[in-house]
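Q: Line by line, the protein sequences are chains A and B.
Under my numbering, the first residue of the first sequence is numbered 1, with each subsequent residue one higher.
Under my numbering, the first residue of the second sequence is numbered 1, with each subsequent residue one higher.
Among these hints, one or two may not hold up.
List of simulated lysine to aspartate or glutamate pairs, EDC-like, C-alpha gap at most 20 Å [stated by the list, open to error]: (1) B/Lys256 x A/Glu48; (2) A/Lys89 x A/Glu111; (3) B/Lys192 x A/Glu48; (4) B/Lys190 x A/Asp92; (5) B/Lys192 x A/Glu22; (6) A/Lys82 x A/Glu3; (7) B/Lys304 x A/Glu48; (8) A/Lys101 x A/Asp9; (9) B/Lys190 x A/Asp9; (10) B/Lys36 x A/Glu48; (11) B/Lys36 x B/Glu404; (12) B/Lys256 x A/Asp92; (13) B/Lys190 x B/Glu390; (14) B/Lys255 x A/Glu19.
If you're looking for bench data, these hints aren't it; they were derived computationally from the structure.
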Amino acid sequence: MDEKFSKIDIITSSSRYEELKEALNAIGISGMTVSNVLGCGIQKGHKEFYRGLSLDINLLPKIKVEVVVCDIPVDLVVETAKKVLHTGKMGDGKIFVYEVKNIIRVSNGAEGRDALRYTEDKV
Amino acid sequence: MNAVNAADTSFIIFATALVMLMTPGLALFYGGMVRKKNVLSTTVHSYAAMVIVSIQWVLIGYTLCFGKDFAGFIGNFQFFGLQGVGFLPNINYATTIPQSVFMLFQLMFAIITPALISGAIAERMKFIAFAIFILLWSTLVYDPIAHWVWGAGGWLRNLGALDFAGGNVVHISSGVSGLVAALVIGKRKKLKTITPHNLPMTLIGAALLWFGWFGFNAGSALAVNGVALNAFITTNTSAAAAALAWAICELVVRKKVSSLGIASGIVVGLVAITPGAGFVSPMASLVIGGFGGVLCYYFVTVVKPKLGYDDALDAFGCHGIGGIWGGIATGIFASKAINSAGANGLIHGNIKLVGIQLIAIVATIAYSAIMTFIILKVISMFMSLRATSEEESDGLDVSLHGEEAYGGIDI
């Protein structure tokens, strides 16, 4: 099989989610998994106060968007995400790209490239 | 003179229901400040007080507080099992409302007081040990102090100490006992990392406390009259003044006003005005609340961290310190023009009242501290007071109650 699948994880600020989703939809990505996550990188956190307690919070709330692609080039996804998310400041986020061995769609048993294709007549 | 007055009676029934709601309000106030693994444990401390004290009160609590005086220290068993407590007023306390209504009103005070202590020992005390503590503490600490201060023949009442709605009886006693319990039981693990899990819950709790406190303080006039309305005004004013003061302190020190700060200030203002609500003027209540807010802010955020004990939810910092200030402030600001049954305080030329208030405060502190220590030591001879290290790590909801507040996964 010459099919190559890639999984792209995009971790970024929760406030950028809507923009990112629209941009990914525009390049043909229709499926994604989104989670609320906590993370820390070089971005400094903030201070919180509860009565006498003051805390340095360095785990910040972020959003993680996971997409798996085959026909759509990984570079296009990465470039699109970079274009939408880039401000040049700390906290813009990170993108991870992985290889995926196989994809199985549970509803119809399709595997590989077919499992990523959603056409009107199959739904 | 022993005629039941329908307006007074209706008012006190209403006030009783208001005060009852304060204990679930307290459960929300405290529950929001703990971690989510301990919210049920913290909540159930207050509900346990509602259950246990309700039964203790009708059996022995009421009569120990308000039965015929024995040596100025405690009531006798005249009203054991509520015998003789009916529609006729008790002329020693409230001449225009049935004694049964007076009994119910006082019950709600007896309920919330041990519940207040639970803030000090939150997130680490064994539930059954705390339930037994509630029973013993109500009987051996609350009931005697309530008799000293409010009971006919009680020694502090005879001395002329003023405590309109429970500064000594409710707040100093519970605050000091909380401090002792926190010291006996010890600190929570990883203290510096513990943050509140649901501050909106705490804010709803603060609102319910504020709401219920109108019954607590205005109702303590035990009739519809000028004193009741004065208490209503001073209560609301002091709550606002203390919240404002706490918020200003935060703004100056940290450049930000926090919601927990406002909620804390509200409660401190309500505590501080409690002993004086029916004795001081509305203008005095501005000072009592305002200074109380600054004092407790300083104590909770600066002094407590230096001392290093773990009064988890500041039962002592808010109720103990706020109550002590309120008792002294009553000695300063009380006025016979506001309440002819009261006394004049320092600003009206009577320095003696401050001395009497200090005697009442010191007696309450000493008795509560010693008795709480003894009660905890006695309980610890039969069972562990403190949850095990594993139970504490897992959270008391799962380890002591076998349930979770918010489930494992969102489905």
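Q: Which numbered hints does this structure break?
A: Hint check: 2, 4, 5, 6, 9, 12 and 14 fail, others pass.
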